[in-house]
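Student: The primary structure of each chain is shown beneath.
Protein chains: 2
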Amino acid sequence: MPMKSYKFLLIVGDGMGDRPIPELNFKTPLEYAVTPNLDSLAKRGITGIMDVIKPGIPPGSAPAHLALLSYDPYASYTGRGAFEALGLNIKLERGDVAFRCNFATVDEELKIMDRRAGRSIPEADVLASSLNKISIDVDPPVKIIFKHSVEHRGVLILRGSNLSPKISDIDPGREGEKILWAKPLIDDYSAYRTAKILNEFVRRAHEILEDHPANKARSNKGLPPANFILCRGAGTLPQLKSFTEKFGLKGICIAGITLIKGVARTIGFEAPLIEGATGGLDTDVYAKAKAALKYMESYDFIFIHVKGTDTASHDGLIESKVKMIEKIDGMVGRILDFKNVNNLCIAVTADHATPISIRDHTGDPVPLLIHAPGILSDDVCMFSEKACMKGGLGRIRGLNLIPILLNYAGVMHKFGE
Amino acid sequence: MPMKSYKFLLIVGDGMGDRPIPELNFKTPLEYAVTPNLDSLAKRGITGIMDVIKPGIPPGSAPAHLALLSYDPYASYTGRGAFEALGLNIKLERGDVAFRCNFATVDEELKIMDRRAGRSIPEADVLASSLNKISIDVDPPVKIIFKHSVEHRGVLILRGSNLSPKISDIDPGREGEKILWAKPLIDDYSAYRTAKILNEFVRRAHEILEDHPANKARSNKGLPPANFILCRGAGTLPQLKSFTEKFGLKGICIAGITLIKGVARTIGFEAPLIEGATGGLDTDVYAKAKAALKYMESYDFIFIHVKGTDTASHDGLIESKVKMIEKIDGMVGRILDFKNVNNLCIAVTADHATPISIRDHTGDPVPLLIHAPGILSDDVCMFSEKACMKGGLGRIRGLNLIPILLNYAGVMHKFGE
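In order, the protein sequence lines correspond to chains A and B. Residues 102 to 518 in this note's numbering are what the first sequence spells out, letter by letter. Residues 102 to 518 in this note's numbering are what the second sequence spells out, letter by letter.
To be clear, the hints were calculated from the coordinates, so they are not data collected in a lab. Treat the hints loosely; a few may be bogus.
One copy or two, it doesn't matter: identical chains are merged, so the pair holds either way.
[Stated by the list, open to error] List of simulated lysine-lysine pairs, DSS-like, C-alpha gap at most 30 Å:
1. K342 with K155
2. K144 with K491
3. K297 with K491
4. K297 with K515
5. K424 with K487
6. K144 with K487
7. K128 with K192
8. K212 with K515
9. K317 with K244
10. K487 with K515
11. K192 with K424
12. K212 with K284
So here's chain A without its partners, still in its complex pose (with noise of 0.2 Å):
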C-alpha cells in the first residue's frame, strides 16, 4: 500500500452547520455563501451528514472534536478544564485536577456583578502571579498553579494526590446570582478534599484581588475590579492512545483557540502558534493555508479549525458566519491551489451545528464532504445541510470519519483474514 504518499486534511467549521434563515430567503448560511471550492469538492467527491456524538445530541466543542478524530467521546471526554490547560501548554500531571477560570467582579455578598470583569483586563498577568502565591496547608500537600490566559480567561490546576474533579462549579453561568460554593458530585474522600481546598483558593484569591493595587486603580478608572476567580468544568488528563500509535500519521493541528488546541495535543498532534490565525472573526484563513502547507510536507494529518463560524452564530450575526464560510471556502482553494489533490485525502465538515436562530449548539447532524483519489462519488454538487442529506456517504457518525477517510489511502488494517 503507497501509504506515506497520502496526505491528509481535515477542516472543522465550528458550529458551520445551521437551519434556514428567513433574512437568507430560508436559506442556511452554507446554502447562501458563495463557495465554489466547497461546491467542486462536492461535486468531485462523496458528501452525507453526520452525528458527531448521536443522532439529537447537542455536542460540545471538545468531546465532538474527539469524536471526529476517532477518540470515543463517551470515554474520552474527561472534562473541559483540562483540554483548556493543555492548550496554553501546561504540562499536566496524572491526577491534576484542572478548571476553567474567569476574572470576574463581586459585591460585598459575593453576587456576581460581571462574570468577565469587563473582559478587557490589562492586569491580568499581574494579578495571576499574585495568585500563585496562594498556599493552602492540608495534608496530603496541594500544589496551585494559576495561568492567565487572553482577555478575562484562566486555567487553574490543583496539584497533589487524593485530588477528584467529581465537584461542583463555583461559576453560576449566570450575572445578579450569589458565588457558588463548590460541593463533592460523589460520596468519596477525594472529592470532599478538593471542593474543600477549591472553596479555600477561591476565599484567598478573593482576599487577595480585593486588595490588589491593580484593581484599587481598575476602580478609580471607574472599571470594574476583577475581584474573583469563577472556576467551572473541573477535569484530569485522559490517558489516551496517541494518534500515531493508533494509526501510524504525524498529525498537526492549525487553529487560533486554546480549547482545540488542547484537544488535539491530548491526542499527541502539534499545535503550534499560528500567526494570523485569531480563533475570532478576524482570523486570517491564507495565513492557515501557508501553515496547511508548509506543515503538509512534514505531517500526514493537517486538521484545520476555524473557529469564526460559531462566533458569528453565538452573536446572531448572520452576515458574519456567511462571510466566514466564504473565508473558509477561499482558504480550501488557496491550499488547492499549491497542492495536488492526487494523493490528499480531504474532509470538510462542521462539529456541530450553531443556528443563529437558536444561537447555541444544536444536535442537528451536520454536512460532510470527502475527497480521495479513486472515489467513487455520488451525485450531489453542493456542499450544503440539505444537499449532503442526499450524498452517498448516508448518515453516520463521528467516530466512524477517521476511518472512513483513512480507508482510502490504505492506512486501515484489515480486521482478521
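Following the hints, put chain B in place on chain A, whose structure we already have.
Tutor: Below, chain B without anything else, positioned relative to chain A:
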C-alpha cells in the same frame, strides 16, 4: 406466520465491490458488467449500502462472513486456522489450536525461497503423512495432526491441554526473509508452551522434509523442494450458537473454498462438496445454481459464495472480474428460471470491496440488494455501488442483514409485547 413456506437465498460475490476504473471509463466492474437479473431484482426489490464490519474497516473474509451471517465478528472470530480446519472437515475439539500452513521452500539459513514451494505439489499427501508421525515429548502431552488440503496448503492442529492461540506466526509473509520463530503474544504459561511446541514441530518437520525421498525427487527434477511448513493464523474453535438454534432455519453453504465452508460449518451449516465449484475463475456457476435448487427442497437457507470476483481483483484482472460478475448474474437468472420468487427472500451482496486499483480488501461499504415477497421497493433499478447509495435500505451494518432478510418472512421474534 407462514414461516415454513419461505426459502432464503444469500449470494455473496467475494470482494465484488470496487471503485471507478479508468479502463472501464471510470465505471466500476458492477456498473460495467451486463447484469439483467441483478438489475431486475434491484428494480423490484430494495437496495442499500452496508459496512460489513464497521465503516472504514477492511474486512477479512472470515469475520466478514460471520458478520453477514449474523455473528458479531469481534466476539466470534477466533483466528483463521480454526475455520480452515473446519473447512477441511477436521473435527476440532475444544482446546485444539489450529494453524493455516503452507508447504514452502527454504535455504540452509531458513530464508524463504518460495512461500508455496512451486504451488503444485503432487507429493503433498505423502509428505503430510510423514509429518503426522512427529511426536513431541512434553508434559502434558500434545498430539500433532497435519492435513494437506489443495496445492501448497494445509492445516496443523495441536491437540492437548494448556494450549493457547496467542502466539505469533512462523510465516513472515514475504519471500527473501528468514522464517520467524513463534513467540507468546501474552505473558501466559499456555502461550509459552504452545510457542515452544510449534517451534519444535516446525524444526522436526524441516528435518523430515529435507531428507524425504519425494523432495529429493523434486529437486532432481528442478522443482523447489517442499521442505518447510510455514504456519500462521493460530485459532481455536469458536463456541457459537448454531444458525438453526438462533432462527429455526436449516442452512447449507454452496462454496468452493475451504475457509468459507469452515465458517459455515462453525454455525451449523452443511457445506457439501459441489462438483464444479472450484473457488476459481473457472468455477461452474450453473452447477452452483443447480445445487441451490436441489438443496432448496430440504434446506431453508441457501448461502452461495463465489470467490472468483475476489481472485480477479487481487490479480488486477479487470475483464475477469467483469466476467465473474456476469457469471453471478447468470447463476441468479438460472435459479429464478426454476424457482418462483413468491416464497423466496433473496439477498445479493459482497463480503468486502477489493478494488482492482488497490488489489486488496478495503473498508468501502458494499452494495446490497434484497428482494422478498411483499417488499416495499425503492427507486433504484440497477445493482451497483453507486446506484445502491440511493437505496431505501440506507447504510446498514453486516450484522443487520440476516434480521432484515428474515423479517420479510416473519421469522424474527417480536421484542417485548
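Student: Each hint should be assessed against the structure and marked as holding or not.
Tutor: Tested hints:
Taking the closest pair of Cα atoms, K342 and K155 come within 30 Å of each other both inside a single copy (23 Å) and across two copies (20 Å). Within a single copy, K144 and K491 get their C-alpha atoms as close as 12 Å, and across copies as close as 16 Å, so both meet the 30 Å cut-off. In this assembly of identical chains, the alpha carbons of K297 and K491 never lie at most 30 Å apart, being 54 Å within a copy and 57 Å across copies at closest. For a Cα distance limit of 30 Å, the shortest separation of K297 from K515 across copies, 28 Å, qualifies, whereas the shortest one inside one copy, 51 Å, does not.
In this assembly of identical chains, K424 and K487 lie within 30 Å of each other by CA distance solely inside one copy; the values are 20 Å within and 34 Å between copies. In the homo-oligomer, the alpha carbons of K144 and K487 lie at most 30 Å apart both inside one protomer (14 Å) and across protomers (14 Å), since each shortest distance falls under that limit. Taking identical chains as interchangeable, the C-alpha atoms of K128 and K192 are never at most 30 Å apart, the minima being 45 Å within one chain and 52 Å between chains. For the homomeric pair K212 and K515, the shortest alpha-carbon distance between copies (27 Å) is at most 30 Å, but the shortest distance inside one copy (59 Å) is not.
In this assembly of identical chains, K317 and K244 lie within 30 Å of each other by CA distance solely inside one copy; the values are 28 Å within and 77 Å between copies. In the homo-oligomer, the alpha carbons of K487 and K515 lie at most 30 Å apart only across protomers (23 Å), although the nearest pairing inside one protomer, at 34 Å, exceeds that limit. Taking the shortest Cα distances, K192 and K424 never come within 30 Å of each other, neither inside one copy (37 Å) nor across copies (60 Å). With identical chains, the CA atoms of K212 and K284 are at most 30 Å apart within one copy only, with a shortest distance of 18 Å there and 67 Å across copies.
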